[in-house]
Structure formats: C-alpha cells, structure tokens
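What follows is each chain in one-letter form.
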Amino acid sequence: MAIYSLWVINKAGGLVYQRTFNEGLAPLTSNDALVLAGTLHGIHAITARLSPTGSSSGCQVIEAETFKMHVLLTATGTKFVLLTSPAEPLTNADLVLRRVYEAYADGVMKNPFHTPEMPIRSEGFDTRVAAIVKGA
Amino acid sequence: MSYNNVQARLSVFSTASQSSLDYIPSVGTPPPSGGRQSITPIPKASGSKNIYDRPLNKTRNAEVSMAAYTFLFSEVIQYTQKRVHGIGDLEKRLGLFGYRIGTRALELMVWRSEGGSKNPKRETRLLPVLYVVHTQLWKAIFGKTADAIEKSVENDDEYMIIDNDPPITRYISIPKEMSQLSCSALTAGIVEALLDGLGFPARVTAHSVPKEGFPFRTTILIKLDRSAMEREEALK
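Protein sequences appear in the order of chains A and B.
If you're matching positions, the first sequence starts at 1 in the UniProt record's numbering and goes up one per residue.
If you're matching positions, the second sequence starts at 1 in the UniProt record's numbering and goes up one per residue.
Because the hints were derived from the structure by calculation, they are not lab data.
One or more hints might be untrue.
As a list, the in silico BS3-like pairs of lysine-lysine whose alpha-carbon atoms are at most 30 angstroms apart [to be verified]:
{"#": "1", "chain 1": "B", "residue 1": "K82", "chain 2": "A", "residue 2": "K11"}
{"#": "2", "chain 1": "B", "residue 1": "K144", "chain 2": "B", "residue 2": "K211"}
{"#": "3", "chain 1": "B", "residue 1": "K211", "chain 2": "A", "residue 2": "K134"}
{"#": "4", "chain 1": "B", "residue 1": "K151", "chain 2": "B", "residue 2": "K121"}
{"#": "5", "chain 1": "B", "residue 1": "K176", "chain 2": "A", "residue 2": "K11"}
{"#": "6", "chain 1": "B", "residue 1": "K176", "chain 2": "B", "residue 2": "K82"}
{"#": "7", "chain 1": "B", "residue 1": "K151", "chain 2": "B", "residue 2": "K92"}
{"#": "8", "chain 1": "B", "residue 1": "K92", "chain 2": "B", "residue 2": "K223"}
{"#": "9", "chain 1": "B", "residue 1": "K139", "chain 2": "B", "residue 2": "K121"}
{"#": "10", "chain 1": "A", "residue 1": "K134", "chain 2": "B", "residue 2": "K176"}
{"#": "11", "chain 1": "B", "residue 1": "K144", "chain 2": "B", "residue 2": "K118"}
{"#": "12", "chain 1": "B", "residue 1": "K144", "chain 2": "B", "residue 2": "K58"}
Predicted model only: the values in this text are computed from it and were never measured.
Whenever a hint applies, use it, and build me the whole structure from the sequences.
Written out as structure tokens, the structure is:
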C-alpha cells in the first residue's frame, strides 16, 4: 500500500498541481504530466457519457496491474486524482481525496493570492496535503 | 492539520438573536403619491428585525462563520491589491479598514463590558490599556486572548502584542515575492483605532515572526506617540 502521487486538474483539463510522495511509478516530465492530465480529462468526459443507466459523474477508479488511479470529481468540475499501489483499499483512497478537497478549499480557495484555474502555489496547501498523506 | 475546525467561528460585534416580536411597519399612512419622490426605503428581511433594531448588548450567538469571514477577507485583499502599488501601500489600506472596525469595536466593548451602560469605565493608564487590547479586544474579535504582551528592550515607547496563531490569516499563504507582507495589518489597524480612542495615539504595525511550532506567529508592534509617553511619565 502506497500513495504515489496526487494531481489536481482544473475544469478545463489543465494540470494545476502535481506532487509525488513515493517512488514506484516511472518518473514523468512536467510536459508528459500535462498531456496525461489532459487525456484523463477527455477519458473522464467520455466515461460520463457511456453510463447505461442515465447520468453519471464519470469514472471513479482506473485499475492497472501496477497502479490504481482514483478520481474525485467536485461540483465545480475540479478533479482530484490519486495514484496509488493496486493494494490500496478504495475507502482509504476516497478518504484521502476528500480530505485533500477540504485542504484545497481551505488552503487554495481561501487564499487571496491564488488565481482560480491557475497552477497552485500555496504553502498552506502543501503542508496540509503532506499531513494528510502522512496520516493516511 | 485542521480538519476539526470546519465549524470554527469567529465572534463579532453583531447579534443574530431574533425576537419573536416581528417589526411591524406602520400601515396607517398611505404612500405619498405625486410630487417629490421620497427616498427608497431600506428593504427589510422578512421575519427578522433590522440590524439597527437588535439589542446591542447581547453577545450570545454573536458569531459569524469562519469560512464566510475568510472568503470576505480574501476578497478584501484581492480588491485592495488591485488598487495599490507595493506592499507598504497594501498594508496601509488594510490598516485603514481595520481602523474603521476598531473605532466601532471600542464603542461596543465599552457598552458591553460589565455594568457598562450604568457604570462606564475607561482605562487611563498605559498598562491596563495594553491589557485591554490583549484580553478584551482579542476576546471580542477573535474569541480568545492574545498570547503575550512584551516590552521592547531597545525602545521605551514600544510594546508588542503577540498572537501565535492569528485566526484571520490562518488560510492565507503569502507568496515568496511578497514575504514582507503581513495581512494582520488589519489587526494593527484595529489596535491603532482602539488606542487612539482611549487617548493613546500610537503607530501600530504588524510583523510575521515565525517560531518553531508556530509558523503564523504574528507580532503587533505598538510605537506610542511622545505625547502619550510624556503624560504617562507625569502621572507616575
């Protein structure tokens, strides 16, 4: 069980925050990460349309052999993505994502020096996220 | 770090108490027709008294949501930042906002203090005044007392009020290029207004002084005017 990294994707599909906590995945250049985030944004939009039972909020987990990707979509369209090891239990990852969302509301949205939809550079958010991942 | 304070609330000087007696507008007089247009009436929220009609000395439930306050303060800073050049100017403007809060805070504090309306009391000496700032003012505005009062070792006329974790800047991350900025300039303005109102003119500034374990520790530096110091000396 390990949390590899956290991404925050804004509602336009741009990667506004990326942080790696544990080694385990192939390292990405920042450009690659941007492209992947944009791709995930597109895939997510497609999965939201594919649901056979009416409206859907899109995919929540993508599983692979070596990692799992948990997605939390907020009401405003911001996506929080957590990359973990395959053994990471769903409930735990979900809890971490919800706490990160809370930290985002506190450390980013309440910070007057943050511009919405732009990359996140907030010390308060960094420390809060670090504490969450450490405690998970 | 701070998940448990979702319900955190700051106390403020307003009462949310509602009386069961609703304000009944006078219905007898018909609205003036023709001639000059009268002033547009202030719209009243249905079922609650106008804020000016509520009792002033009730402090119970006189709290506002921390989140609502934080978003408001964030907007205030963004608004101000668009209209100033440089950090000094920004702090000055925040101080002015604070000054306007401080004059009202003093008036209300005197009104609300124990036996206030019958037995009004005003501190006239320096140390009790500083203590009022440290305890009463902080409690009235932040719901807690400040953490320390210190006297400057270098200058006789300088005192410091120290808060280890000021609630109003808890969610603010100052970018590196503005590291000298302290958003507690608002608090400094409030303190300055209070001291002015009590007859202790001073120049008050706010400075971040982080310390191990207290990354948001803030010092409110009070530099008293010479006239206040001379009077204090004469009263000894």
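Evaluation of the provided hints:
no.: 1; hint: B:K82 <-> A:K11; result: holds, 26 angstroms
no.: 2; hint: B:K144 <-> B:K211; result: holds, 20 angstroms
no.: 3; hint: B:K211 <-> A:K134; result: holds, 23 angstroms
no.: 4; hint: B:K151 <-> B:K121; result: holds, 25 angstroms
no.: 5; hint: B:K176 <-> A:K11; result: holds, 27 angstroms
no.: 6; hint: B:K176 <-> B:K82; result: holds, 18 angstroms
no.: 7; hint: B:K151 <-> B:K92; result: holds, 24 angstroms
no.: 8; hint: B:K92 <-> B:K223; result: holds, 16 angstroms
no.: 9; hint: B:K139 <-> B:K121; result: holds, 18 angstroms
no.: 10; hint: A:K134 <-> B:K176; result: holds, 25 angstroms
no.: 11; hint: B:K144 <-> B:K118; result: holds, 26 angstroms
no.: 12; hint: B:K144 <-> B:K58; result: holds, 18 angstroms
Of the hints listed earlier, there is not a single one the structure fails to meet.
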